[in-house]
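Asker: Top line first, the protein sequences correspond to chains D and B.
Here the working numbering runs 761 ahead of the position in the first sequence, where the first position is 1.
Here the working numbering runs 9 ahead of the position in the second sequence, where the first position is 1.
In short, the hints are calculated from the structure, not lab data.
Since the structure is predicted, the reported quantities are computational estimates derived from the model, not experimental observations.
Possibly wrong hints are sitting among the right ones.
[Said to hold, decoys possible] Distance condition first, Cα-Cα at most 25 angstroms in a straight line; then the derived SDA-like pairs of lysine to any residue: (1) Lys34(B) <-> Phe123(B); (2) Lys811(D) <-> Ile93(B); (3) Lys38(B) <-> Gly75(B); (4) Lys34(B) <-> Val852(D); (5) Lys116(B) <-> Tyr766(D); (6) Lys38(B) <-> Tyr74(B); (7) Lys34(B) <-> Glu788(D); (8) Lys38(B) <-> Tyr766(D); (9) Lys34(B) <-> Arg773(D); (10) Lys860(D) <-> Tyr766(D).
[To be verified] Among the chain D residues that face chain B by a calculated CB cut under 10 angstroms, a handful are: (11) Tyr766; (12) Thr882; (13) Phe888.
[Stated by the list, open to error] Simulated DEER-style distance windows between Cβ atoms: (14) Leu794(D) <-> Thr15(B): 19 to 29 angstroms; (15) Arg78(B) <-> Phe877(D): 31 to 41 angstroms; (16) Ala881(D) <-> Val79(B): 23 to 33 angstroms; (17) Pro145(B) <-> Thr817(D): 20 to 30 angstroms; (18) Thr80(B) <-> Ala787(D): 10 to 20 angstroms.
We put the CB at the ideal spot given by N, CA and C, even for glycine.
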Amino acid sequence: MEAAYPKMYLYRRLVQAKLFIDAHYAEAIDLDLIADEAAFSKFHFLKLFKSAYGRTPHQYLIHVRLQKALELLDGDLAVSEVCYAVGFESVGSFSLLFKRVHGCTPTACLAGRRAFRTAATTAPLQFVPACFATRNGWLAENI
Amino acid sequence: MISHLTHTSIMVIDLDRAHDFYVNKLGFKPVLDVPMPQGGRWVTVSPPGQPGLEIVLSPVDNRSYGPERVTLLTDMIREGAFGIAVFTSADIYATYEELSAKGVVFKKPPTKEFYGLEAIFLDDSGNWFSLAQITPSV
């Protein structure tokens, strides 16, 4: 379905820039280059990006890297491996930013998420509200 | 007094495909995906801006339904019989363009309504959702 609305051309460039960051967050991205290619005016591009996503492109790149780091901590990678895998070059600055955003150090977060995953795997029923568990046949209907 | 909604469910036709749709197309956060000892899986996702709300992806072939009901429900979902929920976006045009680029099917592009802007899209099963950018009332 094709829409027509104000600044449609600019929005399409904006979304392409956002999707580029989503796909290439682990690489050394030149955000100035993205802004130059995305719009006629860098100022308007930055303004529109922040309006749409609540962050500047640089802040958004850091946000994506930290979110991906959180997901990777669910795997078997060490903290330093996660740091480099999402595009940070220093474990120290990665850990500081991670704690500021997620409220715990990567190491503490890793331990917490592993404990959560173990609990969910060994006793999943404790995470399922009774209305769902009963209707799925996972809990006896003795309510 | 009821305060919050923490869990709600969406009936989906194919659980793995739906999980991929909600996570990789809509950008929802995967919360839990665990097999249940009694059979089946408990799969939940959260909208990125609302981590306290878990949406349960509930497969239509729930073993507590008979095959006739499963067939009926599957047909109804595919036909678009169910309007499920309204999701909001700070910038509906940007979200519309992004989801369209990812292959999400829209039944209605962003359109001015009295409460703001609204579009309608389908999930991979056929459930209908509104995407809205609400204009703050003055």
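Asker: So, Phe888(D) near chain B? Judge it on the closest CB pair being under 10 angstroms.
Answerer: holds, 6 angstroms
Asker: Taking the least C-beta to C-beta distance, is Tyr766(D) closer than 10 angstroms to chain B?
Answerer: holds, 6 angstroms
Asker: Hey, Lys38(B) versus Tyr74(B), does the alpha-carbon distance stay inside 25 angstroms?
Answerer: violated, 29 angstroms
Asker: Would the hint on Thr882(D) be counted as holding, given a Cβ-Cβ threshold of 10 angstroms to chain B?
Answerer: holds, 6 angstroms
Asker: Using the Cβ atoms, figure out if Ala881(D) sits within 23 to 33 angstroms of Val79(B).
Answerer: holds, 27 angstroms
Asker: Hinted pair, alpha-carbon criterion (25 angstroms max): Lys38(B), Gly75(B). Please report holds or violated.
Answerer: violated, 32 angstroms
Asker: Does Tyr766(D) sit within 25 angstroms of Lys38(B), going by the straight-line distance between their CA atoms?
Answerer: Answer violated: Lys38(B) to Tyr766(D) is near 30 angstroms, above 25 angstroms.
Asker: Between Thr80(B) and Ala787(D), does the beta-carbon spacing fit 10 to 20 angstroms?
Answerer: Distance hint for Thr80(B), Ala787(D) is violated at roughly 45 angstroms.
Asker: Between Lys34(B) and Arg773(D), does the CA-CA distance stay at or below 25 angstroms?
Answerer: Status holds; Cα separation ~17 angstroms.
Asker: Mind checking the alpha carbons of Lys116(B) and Tyr766(D) for me, to see if they're no more than 25 angstroms apart?
Answerer: holds, 16 angstroms
Asker: When you check the alpha-carbon spacing of Lys860(D) and Tyr766(D), does it fall within 25 angstroms?
Answerer: violated, 40 angstroms
Asker: Starting from the hint 31 to 41 angstroms, judge whether the C-beta atoms of Arg78(B) and Phe877(D) obey it.
Answerer: holds, 35 angstroms
Checked against the numbered hints above, the structure breaks hints 1, 2, 3, 4, 6, 8, 10, 14, 18 and satisfies the rest.
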